[in-house]
Amino acid sequence: MTCSHFRQEKEVLLWKIRPLFRYSAWDAIPALCGVGIVVAIFWTLVCFDSLSWWVLVPAFIAIMWSYCWNLQCISHNFIHNPFFNNSFLNSAYSAAC
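Quick note on numbering: numbering that gives the first Met the number 0 labels position 95 of the sequence shown as 94, and the sequence is numbered without any gaps.
Worth flagging that the hints you see were computed from the coordinates, not collected in a lab.
What you are looking at is a predicted structure, and each value in this text was computed from that prediction instead of being measured.
Ideal Cβ placement from N, Cα and C applies to all residues, glycine included.
Hints may be right or wrong, so weigh each one.
[What the hints assert, rightly or not] Computed spacing ranges between beta-carbons, pair by pair:
#1 95 x 48: 19 to 27 Å
#2 48 x 19: 32 to 40 Å
#3 86 x 53: 39 to 47 Å
#4 50 x 78: 31 to 39 Å
Build out the structure end to end from the sequences listed, making use of the hints.
Here is the structure:
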């Protein structure tokens, strides 16, 4: 038997045990935080003209802090430990976040 055969059997077994997340359900927390950061950036971009300065300043600070947090913590963890069992979901998350 080849290594790829064992890897496919392992992936099928993991898919039956944990259908979405690769390691545990706790992977949802950093995954959702990464998605939340992207949503906050797009919300600020779309609503920029209608927001007053007292909303824009805290939003800019929050986005700046969360972007650094995403880059240093969430993305770095994702590089070494992909969150999802499905390679398409890992690729989509990697492109989005």
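*Could you tell me which of the hints above the structure violates, numbers in ascending order?*
Every hint satisfied by this model.
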